[in-house]
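Visitor: Chain by chain, the residues:
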Amino acid sequence: MNAAFQRLLAVLRQPDALARVDAAGWDGLLRHSRSAGLLSRLALDARDAGLWEALPDRVRRHMRGACFVADRQINAIRWEVHKLHEALGHHGMPIVLLKGAAYVMGDLPPARGRLFGDVDLLLPRDRLDEAERLLHLYGWHGAGLDDYDQRYYREWMHEIPPMTHFSRGSTLDVHHNILPRTARLKPRAETLLAGIEPIPGYTNLYRLGDADLVLHAATHLFHEGEWGHGLRDLVDLDALLRHFMARPGFLAELGRRAAELDLRQPLAYALGCVRTTLGTPLGDPALVAELEAPAHALVRVALGHGFASAHPDMASPGAAAALLFLYVRSHWLKMPPHLLVPHLLHKALAAGEVEKA
Amino acid sequence: MTRVRELSDRELQSRLARGLDLRTGPFLFHIRSEEHLVFRGLRALYGDFPLGDEPVRDFHVRIRRPATVRRWFRPQIVFEHDRHTPFMPLSAAHAFASLEWGMNWCIASYAHHFLTLHAAVLERNGRAVLLPGEPGAGKSTLTAALSLSGWRLLTDETALVDLDSGLVWPLARPVNLKNDSIDIIQAFSREAVFGDRVFDTHKGTVAHLKPRAETVARMDEPCPVGWVVFPRWAGGEPARLTPRSRADTFVFAAENSFNYSVLGEAGFRALEGLIRGADCYDFRYGKLEDALSTFARLAG
Numbered sequence: 001m002n003a004a005f006q007r008l009l010a011v012l013r014q015p016d017a018l019a020r021v022d023a024a025g026w027d028g029l030l031r032h033s034r035s036a037g038l039l040s041r042l043a044l045d046a047r048d049a050g051l052w053e054a055l056p057d058r059v060r061r062h063m064r065g066a067c068f069v070a071d072r073q074i075n076a077i078r079w080e081v082h083k084l085h086e087a088l089g090h091h092g093m094p095i096v097l098l099k100g101a102a103y104v105m106g107d108l109p110p111a112r113g114r115l116f117g118d119v120d121l122l123l124p125r126d127r128l129d130e131a132e133r134l135l136h137l138y139g140w141h142g143a144g145l146d147d148y149d150q151r152y153y154r155e156w157m158h159e160i161p162p163m164t165h166f167s168r169g170s171t172l173d174v175h176h177n178i179l180p181r182t183a184r185l186k187p188r189a190e191t192l193l194a195g196i197e198p199i200p201g202y203t204n205l206y207r208l209g210d211a212d213l214v215l216h217a218a219t220h221l222f223h224e225g226e227w228g229h230g231l232r233d234l235v236d237l238d239a240l241l242r243h244f245m246a247r248p249g250f251l252a253e254l255g256r257r258a259a260e261l262d263l264r265q266p267l268a269y270a271l272g273c274v275r276t277t278l279g280t281p282l283g284d285p286a287l288v289a290e291l292e293a294p295a296h297a298l299v300r301v302a303l304g305h306g307f308a309s310a311h312p313d314m315a316s317p318g319a320a321a322a323l324l325f326l327y328v329r330s331h332w333l334k335m336p337p338h339l340l341v342p343h344l345l346h347k348a349l350a351a352g353e354v355e356k357a
Numbered sequence: 358m359t360r361v362r363e364l365s366d367r368e369l370q371s372r373l374a375r376g377l378d379l380r381t382g383p384f385l386f387h388i389r390s391e392e393h394l395v396f397r398g399l400r401a402l403y404g405d406f407p408l409g410d411e412p413v414r415d416f417h418v419r420i421r422r423p424a425t426v427r428r429w430f431r432p433q434i435v436f437e438h439d440r441h442t443p444f445m446p447l448s449a450a451h452a453f454a455s456l457e458w459g460m461n462w463c464i465a466s467y468a469h470h471f472l473t474l475h476a477a478v479l480e481r482n483g484r485a486v487l488l489p490g491e492p493g494a495g496k497s498t499l500t501a502a503l504s505l506s507g508w509r510l511l512t513d514e515t516a517l518v519d520l521d522s523g524l525v526w527p528l529a530r531p532v533n534l535k536n537d538s539i540d541i542i543q544a545f546s547r548e549a550v551f552g553d554r555v556f557d558t559h560k561g562t563v564a565h566l567k568p569r570a571e572t573v574a575r576m577d578e579p580c581p582v583g584w585v586v587f588p589r590w591a592g593g594e595p596a597r598l599t600p601r602s603r604a605d606t607f608v609f610a611a612e613n614s615f616n617y618s619v620l621g622e623a624g625f626r627a628l629e630g631l632i633r634g635a636d637c638y639d640f641r642y643g644k645l646e647d648a649l650s651t652f653a654r655l656a657g
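Residue numbers (the numbering used here), protein chains in the order written: chain A, 1 to 357; chain B, 358 to 657.
Just so you know, these hints were derived from the structure itself, not from any lab.
Owing to the predicted nature of the structure, the values given are computational and were not obtained by experimental measurement.
We treat Cβ as the ideally placed atom computed from N, Cα and C, and that holds for glycine.
Some hints could be false.
What the hints assert, rightly or not - Here are a few chain A residues that sit away from chain B, every Cβ distance over 12 Å (derived from the structure):
| # | residue |
| --- | --- |
| 1 | L39 |
| 2 | V59 |
| 3 | R125 |
| 4 | L137 |
| 5 | D173 |
| 6 | H223 |
| 7 | P337 |
Claimed, not checked - Which stretches of chain A does chain B cover? Using the computed rule of at least three CB atoms under 8 Å from a CB of chain B, they are:
| # | region |
| --- | --- |
| 8 | 22-29 |
| 9 | 60-67 |
| 10 | 70-78 |
| 11 | 276-285 |
In isolation and in its complexed conformation, chain B is listed as follows:
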């Protein structure tokens, strides 16, 4: 099995130009791009990922210049999935970020053999914590910090719940951080490795945190969910974990699923099994260090 880091710069570039098969958890992406920023992003963040060696790929994606004057003049790029462009062109400076968002879009739009939830997932001692995302609640910052503090990252944005076993499968992809969170995590750990910072996206400044080698090495190990925790950063407050009703947690998770309504009964059963087996909490915290010790106690 070849890993991305084993390719020379030139090999990686020429593979990308023809199409690079990259495996992330259960998915095999065929990625094509001649954009230098896409090459840089993969070099910086995906070194530990294996290349695919199967003929059938899940998603064929491409970052390319539009066939207009914007090829050269204030250059733009478009994201393409299987010869189809679902989004408007963006500045060429956003090439790598567009690839990341486009890959998320593929999973949310087509991976209906999983129940997909908008949540981060990390594992410790064989049990996973699921962090559903309320925008602005500080989920990504907490996810990044946990992933640098002994928790194994499964995913920062899209949880893949197995419809048959109820286990959560890893994606192991980089964590997308925004604005102040980037500096907070950079200051938090010397081990934090980031890709290029991208300015003026619709999310502000973004940067991706490289997943740790162990995360990628174990990306074929699914995990049962032990806890569902709704984090909320609240400046100046002490860390406080309060139980939350399972029914309420179910409704929130269903509403924040990408495909709960598509899956019908299979989705209901998968989510019901997951919530029944998990302790559910609301969590407010003011300091990252306090949050980490609370989570360490939770994991025992």
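Next up, chain A with everything else stripped away, as it sits in the complex:
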């Protein structure tokens, strides 16, 4: 494994290792962790480990700046959720927050020092039209997509086209499931919705159940085609697992739930990757081995390259081939070939037309 990547993993596994990074090492670690979206997380680790004052001045300054950015984003997510609740929750529409927004509003460990993108929601499929109408009324509008893309989303995907708020510019992804309708694995949205947990202090605002949070993060990560956020997503999984594993029997519950939701394979990769990459303690080795069994060794190797792709300095030989493999694999998992081939052809031809214009 590449030395720069190893150094980043070492400090993510064990914050005390921050004390052993020398100044020359920091010149790389500062950039690599920023590129992976993890600089603010390392800053909080350094503070909590009592190492803040020992950091090189320049590192501390950039970390301070990164913490402002992270704080600001958490505030922005809270505000966005508040506005969404006004638009949907007040009208009796149950909202299930996914990923980043769920971590923030559910007060869960991955929110700590994390950077956020769009807000993601899960809504019951039979209420999507109503939700879209309400969101329009409150200022969200769909991106200007052509007919093909509209059809792509509405017939094949697990979400409606992304929406943007006209004044705040924030982006919203409204899902009715966690995988496309065309994907090989078929988790049932009804099963997920049956296990949701309320967000304290709100009505009609929820997150997925504990085990489902982990399974969704795993599913998202291991169907990923573009790997910019891969390591950040793995760090989320690590934080969720460390938090929930404190509860006896959680791993067994995770296994049961994965079977119910047809998500045994993503769980297998998730457990294998957090364990070997970030050293997440998972308990009972026999059960861990059983749950990890559906994972293919070669895919695990490719995923390792995916996590390292957050910065070109962290790449090892073979990375380009591995990333191409992961890209093709993600499409393969999400669409059967009789849909995938025409779709990619359409995209290639459409791109050609734009260049000519």
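Starting from the known structure of chain A, fit chain B onto it as the hints suggest.
Guide: What follows is chain B alone, placed relative to chain A:
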């Protein structure tokens, strides 16, 4: 401490090819380029700047040719920050200007341990004047003229406000002048030293004015802000300074900050402290000489 001017042409070129650590105020830039225009720009404008000697650099930037046919055919360059290219390629003739703009972009995008304002700052007698920028208001021309008339230049474009002390830190980098301003400043002072003129950029013709040696020598001295002045050039009008409300000045400065919204309460406190301690004015002027005497009176 080694300064850029102490390097021979060959040394400077070979350092640039491997990566030159250049310090400008609080920032240490690692600059890499084999472009001759980048070498020329640094030679002409950055002679007084110190080289860095710390292992941790703030920004790793590079001006390089794209890996396409445009390497040779109507050559282009791209600006790279930490292996990432945030902008479209530009004509290779804009290599040095791209480096300057790219360095500004780094500061605006990542220097969130400061409140960063889009403004020029100059100092006299221990107090600084902050000139917020409305595009086309003649801020750069006035900044260049003041920097050649006894005012110490801290920055021409990005003011760095310390979040803890409220003082403004110098960057001491060259002043970016556009179009007619270049000739006006050239005619204004025989001491004005310019880098290469670059034609047909998105800003028209641009050239950079070399900061005076004193500016660079004192680039580690921060300064409290005494005045916030909104300049506006208005041909034929006499110089006129009129008080402006602090509240209005606060709102304008916040809107023209690069990171006010990122910093939240810390940004509010820093800006509030700065505006409370400063006299705020609108300033209209028709002649540069009149403007300079108004500013000289202001500084007492």
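Visitor: All hints, please: hold or fail.
Guide: A quick look at each hint next to the structure:
1. L39: violated, 10 Å
2. V59: violated, 6 Å
3. R125: About 36 Å separates R125(A) from the closest Cβ of chain B, which puts it past 12 Å; holds.
4. L137: holds, 27 Å
5. D173: At roughly 23 Å from the nearest Cβ of chain B, D173(A) sits farther out than 12 Å, so the non-interface label holds.
6. H223: holds, 25 Å
7. P337: The claim stands: P337(A) keeps its Cβ more than 12 Å from every Cβ of chain B (closest is about 33 Å).
8. 22-29: holds (count 5)
9. 60-67: holds (count 5)
10. 70-78: Since 3 is at least three, the answer is holds.
11. 276-285: Answer violated; 0 residues pass the 8 Å Cβ test.
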